[in-house]
Amino acid sequence: MTTDVDKSKLAATKPKKKKKARPWYRTAVQIFFFTLVALITLNEALVELGRQTIPFLATASLHAICPFGGVVSIYEFVTAGRYAQKVHSSSFILMWAAFILAVGFGPLICGWVCPLGSFQQWIAKLGRKFQGKKYNHLIPAQVDRPLRYTRYLVLAVVIFFTASTRKLVFQDYDPYFALFNFWSSEIAWTALLILGVTIVASAWVERPWCKYLCPYGAVLGLFNLFRIFRIRREESTCINCKLCDRNCPMNITISTATAVKDHQCIACMNCTSEQFCPVADTVDFTTRRDAGTMPATESTSKEEV
Amino acid sequence: MKAKSAAVAIFVLVVIFGSVTYTSITGQWQTKTSKVPTTYTEGTTTGQYDPADIRGSYTLADIEKSFGIPADELATAFGIKDRDNAAVQVKEMETIYAALAAEGKEVGTNSVRVFVALYKGLPMDLTDTTYLPRPAVEILKTKATLNQEQLDFLDKHTVDIP
Numbered sequence: 001m002t003t004d005v006d007k008s009k010l011a012a013t014k015p016k017k018k019k020k021a022r023p024w025y026r027t028a029v030q031i032f033f034f035t036l037v038a039l040i041t042l043n044e045a046l047v048e049l050g051r052q053t054i055p056f057l058a059t060a061s062l063h064a065i066c067p068f069g070g071v072v073s074i075y076e077f078v079t080a081g082r083y084a085q086k087v088h089s090s091s092f093i094l095m096w097a098a099f100i101l102a103v104g105f106g107p108l109i110c111g112w113v114c115p116l117g118s119f120q121q122w123i124a125k126l127g128r129k130f131q132g133k134k135y136n137h138l139i140p141a142q143v144d145r146p147l148r149y150t151r152y153l154v155l156a157v158v159i160f161f162t163a164s165t166r167k168l169v170f171q172d173y174d175p176y177f178a179l180f181n182f183w184s185s186e187i188a189w190t191a192l193l194i195l196g197v198t199i200v201a202s203a204w205v206e207r208p209w210c211k212y213l214c215p216y217g218a219v220l221g222l223f224n225l226f227r228i229f230r231i232r233r234e235e236s237t238c239i240n241c242k243l244c245d246r247n248c249p250m251n252i253t254i255s256t257a258t259a260v261k262d263h264q265c266i267a268c269m270n271c272t273s274e275q276f277c278p279v280a281d282t283v284d285f286t287t288r289r290d291a292g293t294m295p296a297t298e299s300t301s302k303e304e305v
Numbered sequence: 001m002k003a004k005s006a007a008v009a010i011f012v013l014v015v016i017f018g019s020v021t022y023t024s025i026t027g028q029w030q031t032k033t034s035k036v037p038t039t040y041t042e043g044t045t046t047g048q049y050d051p052a053d054i055r056g057s058y059t060l061a062d063i064e065k066s067f068g069i070p071a072d073e074l075a076t077a078f079g080i081k082d083r084d085n086a087a088v089q090v091k092e093m094e095t096i097y098a099a100l101a102a103e104g105k106e107v108g109t110n111s112v113r114v115f116v117a118l119y120k121g122l123p124m125d126l127t128d129t130t131y132l133p134r135p136a137v138e139i140l141k142t143k144a145t146l147n148q149e150q151l152d153f154l155d156k157h158t159v160d161i162p
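Taken in sequence, the protein lines are chains A and B. Here the first sequence is numbered in our numbering, starting from 1 and rising by one per residue. Here the second sequence is numbered in our numbering, starting from 1 and rising by one per residue.
Treat the hints as calculated values from the structure; they're not laboratory data. Ideal placement from N, C-alpha and C gives every residue a C-beta, glycine not left out. Check before you lean on any hint, since a few could be wrong.
What the hints assert, rightly or not - For lysine to any residue, the following SDA-like pairs were computed, each having C-alpha atoms within a straight-line distance of at most 25 Å:
(1) B:2 with A:278
(2) B:2 with A:288
(3) B:2 with A:49
(4) B:91 with A:144
(5) A:167 with B:30
(6) B:35 with B:121
(7) A:134 with A:200
(8) B:35 with A:82
(9) B:91 with A:161
(10) B:2 with A:57
(11) A:125 with B:94
(12) A:167 with A:181
(13) B:4 with A:200
(14) A:167 with B:94
(15) A:167 with B:4
(16) B:35 with A:57
To be verified - Cβ-Cβ distance ranges computed for the label pairs, FRET-style:
(17) B:145 with A:56: 51 to 61 Å
(18) B:148 with A:38: 51 to 61 Å
(19) A:288 with B:98: 21 to 31 Å
(20) A:199 with B:43: 43 to 53 Å
(21) A:51 with B:38: 50 to 60 Å
(22) A:51 with B:68: 32 to 42 Å
(23) B:2 with A:147: 30 to 40 Å
(24) A:242 with B:38: 32 to 42 Å
(25) A:287 with B:21: 24 to 34 Å
Only chain A is shown next, with the shape it has when bound in the complex (with noise of 0.2 Å):
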């Protein structure tokens, strides 16, 4: 019969599991988008205030550096020959530079750039530190799926609003630009609310705004459709430990599928074999072309998710 002290013993002998030292490389490129949208940000009051400016940065509104105004803008692009109020060709041309990144890699803005992103996953991380395993998972599955899909509702009316009115008319329900210009005259009470209820929410659902409601989400996430690389999983080495699942910011299963095609995937990686996966070469970022190591069930849509 073992006793305590025996176990205790047994314990101590045990060598104990080495942390996995996971990449910092989404961090940091998070944490520099922040910080350049914020000094731009900053830079460009300076300059409404007359103040003397930060060298060697460009001074531009948060609108000119935002690509959802070149998506709100492509309806009077189209028509007019013009932009939206207070859009610039820079929103346009990030755009663009967001549609490349989203068929390569799917929503990198969304998981690796998007300031508002980041800062719902920093506040993430003090839910996940009270609330443990319950975090992000305060609302049952089959009320939250249909929910996730008022993020197409808010862009269609974003994008006739916008069309109808040659106004930004985001800009006052936009917890991206409160985050910003809070100080500022511009700011529409309804924005700060928002932005206040989006601060609150992420202390229980991992990035609140980008599930439910984030109408340029909704268009990078259709490009999870039909984009190069994707996440895959390995079933061959799969522990089942669902580790993936538990670290997947948008509740999204990997733990059974072959690959990943959910509409709200972020690209943030965190489910891969890099990150959180505790088996190697099992979730992967890959293309089709490697799919000749993944099983033969793998292109079957009900394993897609």
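Since the structure of chain A is provided, determine the placement of chain B on it from the hints.
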């Protein structure tokens, strides 16, 4: 082919900054308006500046330059006093007339567009939510050639300066 996060990070930076650099070199990258409106591309007004492209960041001097309406006259029309009229930005109208916006009567950038279009006899969609201050309406009735529909619009969309 497998992509590691380091490669993805490089791809993100190369595509974004590559696009910005390339379009900066070719002159396509603009983060600010050129202060010159686009021109009409069809109809009898082809080649003329389109008031619908007036932006909130335009100053009254920019409008004077493109449309030939004196900045002082624009300032009078929109009730701007004791200012360097040439430097006043169109978007400031929204602040000056903020109280009216709450009543659904908007005097802002679109009001300036309508004023310029009617003043110059250029085509413009007249929207129901756009209003003009009384001095602007008086200037238009005195100086512009207006049809009955435009006169009716102005009569229904006149506000007093707060």
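- Does the alpha-carbon distance linking residue 167 (chain A) and residue 30 (chain B) stay inside the 25 Å limit? holds (19 Å)
- Query: Quick one, are residue 2 (chain B) and residue 288 (chain A) close enough, alpha carbons at most 25 Å?
  - Reply: holds (10 Å)
- Query: Is it true that the CA of residue 91 (chain B) sits at most 25 Å from the CA of residue 144 (chain A)?
  - Reply: Measuring from Cα to Cα gives roughly 41 Å; hence the hint is violated.
- Message: Given the hint of 51 to 61 Å, is the C-beta distance from residue 148 (chain B) to residue 38 (chain A) inside that range or not?
- Response: holds (54 Å)
- Message: What's the verdict on residue 125 (chain A) and residue 94 (chain B), does the C-alpha distance respect the 25 Å limit or exceed it?
- Response: Violated, at roughly 41 Å.
- Query: Within 25 Å, alpha carbon to alpha carbon, are residue 167 (chain A) and residue 4 (chain B)?
  - Reply: violated (41 Å)
- Supplied distance hint 32 to 42 Å, evaluated on CB atoms of residue 51 (chain A) and residue 68 (chain B): holds (35 Å)
- Does the Cβ distance between residue 199 (chain A) and residue 43 (chain B) fall inside 43 to 53 Å? This hint holds: roughly 50 Å between Cβ atoms.
- Message: Verify the CB-CB distance for residue 287 (chain A) and residue 21 (chain B) against the hinted window 24 to 34 Å.
- Response: holds (27 Å)
- Query: Is 21 to 31 Å right for how far apart the beta carbons of residue 288 (chain A) and residue 98 (chain B) are?
  - Reply: violated (56 Å)
- Item | Restraint status (C-alpha distance of residue 35 (chain B) to residue 121 (chain B) at most 25 Å) | holds (21 Å)
- Query: Would the pair residue 35 (chain B) and residue 57 (chain A) pass a check requiring their Cα atoms to be no farther apart than 25 Å?
  - Reply: holds (22 Å)
Consistency note: the structure conflicts with the earlier hints numbered 3, 4, 10, 11, 13, 15, 19, 21, 24.
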